[in-house]
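Protein sequence lines, in the order shown, are assigned to chains A and B. Numbering-wise (the working numbering), the first sequence opens with residue 1 and increments by one. Numbering-wise (the working numbering), the second sequence opens with residue 1 and increments by one.
Errors might be hidden in some of the hints.
As the list claims (entries may be wrong) - Covered, in the sense of this in silico footprint (three residues per stretch, anywhere, with C-beta under 8 Å from a C-beta of chain B), are these stretches of chain A: (1) 216-230; (2) 283-293; (3) 329-339.
Said to hold, decoys possible - Listed next, the in silico DSS-like pairs over lysine-lysine satisfying Cα-Cα at most 27 Å (straight line): (4) K85/B to K65/A; (5) K2/B to K40/B; (6) K60/B to K284/A.
What the hints assert, rightly or not - FRET-style restraints, in silico, Cβ to Cβ: (7) V100/B to K284/A: 44 to 54 Å; (8) L96/B to I436/A: 48 to 58 Å; (9) M383/A to K40/B: 53 to 63 Å; (10) E431/A to M3/B: 51 to 61 Å; (11) T166/A to K40/B: 49 to 59 Å; (12) S78/B to K284/A: 48 to 58 Å.
In short, the hints are calculated from the structure, not lab data. Beta carbons are placed, not taken as given, at the ideal position from N, Cα and C, and that holds for glycine.
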Amino acid sequence: MKQQLTWPLRLAAALITAVPALAWADEAPTLNSGDTAWMLTATALVLFMTIPGLSLFYAGMVRSKNVLSVLMQCFAITSLMTILWMLYGYSIAFTDGGDLQAWIGGFSKSLLVGVTPASLTGTIPEYVFMTFQMTFAIITPALIVGAFAERMKFSAMLLFMTFWVTLVYAPICHWVWGGGWLFADGVLDFAGGTVVHINAGVAGLVAALVLGKRRGYPGTAMPPHNLTLTVIGAAMLWVGWFGFNAGSAVAANGTAGLAMAVTQIATAMAALTWMFAEWAMHGKPSVLGIVSGAVAGLVAITPACGSVGPIGALVIGAAAGLICFISAVKLKRIFGYDDSLDVFGVHAVGGIVGALLVGVFAAPDLGGMGFGSGNDSIVAQVMVQAKSVGVTILYTAVLSFIILKVLDLVIGLRVTEEQESEGLDMALHDERGYII
Amino acid sequence: MKMVTAIIKPFKLDDVREALSEIGVQGVTVTEVKGFGRQKGHTELYRGAEYVVDFLPKVKIEVAIPASLVEQVIDAISKAANTNKIGDGKIFVHDLQQVVRIRTGESGEDAL
C-alpha cells in the first residue's frame with residue numbers, strides 16, 4: 001500500500017466499517033494510543049498556528065491603528081468556524097453524501113450527532129479527527145484576512161467567512177479529503193496545498209480586487225508597525241506547522257516522520273533563498289524577507305510532505321523561496337492590486353509551486369514515495385496535480401467573487417473613508433492596541 | 001535668564017547630559033522629536049515596497065540657565081553633540097521671562 005495514501009484510504013475504510021451493515025473490510029481498525037496522542041498534540045499545534053501564530057504574523061505587518069482589528073478578526077474567525085464546523089461543516093465535508101458523494105457530503109453528522117467517544121476514524125477517535133480538521137477549517141479563512149486587512153467591515157467579514165467556509169472550503173475539502181472526485185483521481189495533497197493555501201490565496205486576491213485598494217495605496221507609506229510581532233508569529237507558524245503537516249499523516253508513524261523532516265528542510269531552504277535573493281536584488285537581507293521565505297516554504301511543502309524525499313524538499317523550498325519572492329515583491333506592483341499582506345503572493349503562488357512540483361518529486365527515482373493511485377509517471381501525476389490546482393482556483397475565485405459581491409450589495413464590505421483614516425481599532429472596536 | 005533649546009542626534013544625548021553636568025547645569029528636559037534640515041531622509045524597504053522617510057528622529061533638550069552661563073552651555077553642547085556630519089543639529093537661545101519652583105514658590109534665578 002503506497003505510504004502517502006495510507007490515511008485517506010484508512011479514513012474511507014473507517015467510514016465504511018462504521019456502518020456495520022456495510023462492513024466488508026477484513027479487520028476494523030482499532031484505537032492506537034500512539035496515533036491518538038500525537039493527533040491530540042497536532043490539533044493543539046495547528047490551533048496555535050492561528051491563535052496566535054498567524055494573528056501575530058499579520059498584526060505586526062499592519063499599521064498600529066489597525067493592530068487590534070487583525071487580532072480580532074483572527075480570534076473571531078477561530079470562534080465562529082468552530083461552531084459552524086460542529087453544526088454542519090464537518091458533516092458536509094467528511095460524511096458520505098450518497099448520490100452527491102463526488103461533490104459533497106451529507107448532514108448525517110450535523111451537530112456531531114452520532115459521534116461518540118468510541119467512534120473511530122482510522123486508529124484515532126473521531127472526536128480527535130473532527131477537531132483536527134476543524135483547526136484547518138479555522139486557519140484557511142483566517143489566511144484571507146491578510147488580503148483585505150485595514151479596510152473591511154467586521155460584520156461583513158463575519159458573514160463572508162460564514163458563507164465561504166460553507167460554500168467554498170467544505171466542498172473543496174470534501175473533494176480532496178472527504179472521498180470526493182479529486183481524491184478519486186489520485187491527486188497528491190497531503191496537508192492541504194489546494195484545500196488550504198491555493199484556496200485562501202485566490203480568495204484573498206479576489207477579495208483584494210473587490211474591496212479595492214487601501215486609501216493612499218501605493219503612494220502613502222504603510223510600513224509594518226511592529227516586525228518583532230511578525231517574527232514571533234512566523235516562528236509560531238513554523239513550529240505549529242509540524243502539527244499541520246506531520247499531523248496530516250493521522251498517525252504516529254514513518255510518514256509523519258517524513259512529513260516533519262521534509263517540512264523543516266523545505267522551509268529552511270525557502271527562507272534562505274528569499275533572504276539571498278533579496279540580498280542580491282536590494283543589497284541587504286531583511287527580517288521580513290527571511291520570515292516570508294520561511295512561510296512560502298511551509299506553504300509549498302504542504303501538499304508534498306507525504307510524497308517527496310529530502311532532495312525534493314530542497315528543490316521545492318528553493319523554488320518557493322524564489323518564485324514567491326518575485327510574486328510578492330514584483331507581481332503586486334506590476335498589476336497594481338492591494339493584497340495587503342501578500343496572501344496571494346505567498347499562499348496561492350507557494351501552494352501552486354508545491355502542488356505542481358509534488359507531481360515531479362513523488363517519483364521514486366527522485367527520492368519520492370511514489371505517485372498517486374492510477375498514475376504511473378511524472379507527466380501523468382503533474383497533469384492530475386494541474387487539474388486539481390486549476391479546479392480549485394476556478395471554483396474558489398468564482399464563488400468567493402459571488403459571495404463578496406452579494407454581501408457588498410446587501411450590507412457593504414468596506415468601512416467608510418473616515419473610519420479607514422481613523423483606524424479600525426478605534427472606529428470598529430473603540431479600543432487602542434497601545435496605550436503608551 | 002535664558003532658555004537654551006538644542007536639537008541633537010539621539011545617540012548624543014548621554015554625552016550632552018554629561019557635558020552639561022560638568023559645568024553645573026543639573027536640570028534638563030528632553031523630548032523625542034522628528035525633523036530634517038539639510039540631512040536627507042533614508043529609504044526603508046518592506047517586501048519590495050520602498051518608503052522614503054524624510055523625518056529623522058532627533059532629541060530636543062531644553063535647559064533654563066542664568067544668562068551668565070549661556071556661552072559655556074552653548075560651548076558644552078556643541079562640543080558634546082558634534083559628529084562633524086550633516087544632521088548634528090542646532091542650538092537656539094530664548095529670553096526667559098520668569099521661572100518658578102513649584103514646591104517652594106521660589107522665583108527668578110533662585111528657582112533655576
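**Request:** Provide an ascending list of the numbers of those earlier hints which the structure does not satisfy.
**Result:** Hints 4, 5, 6, 8, 10, 12 not satisfied by this model.
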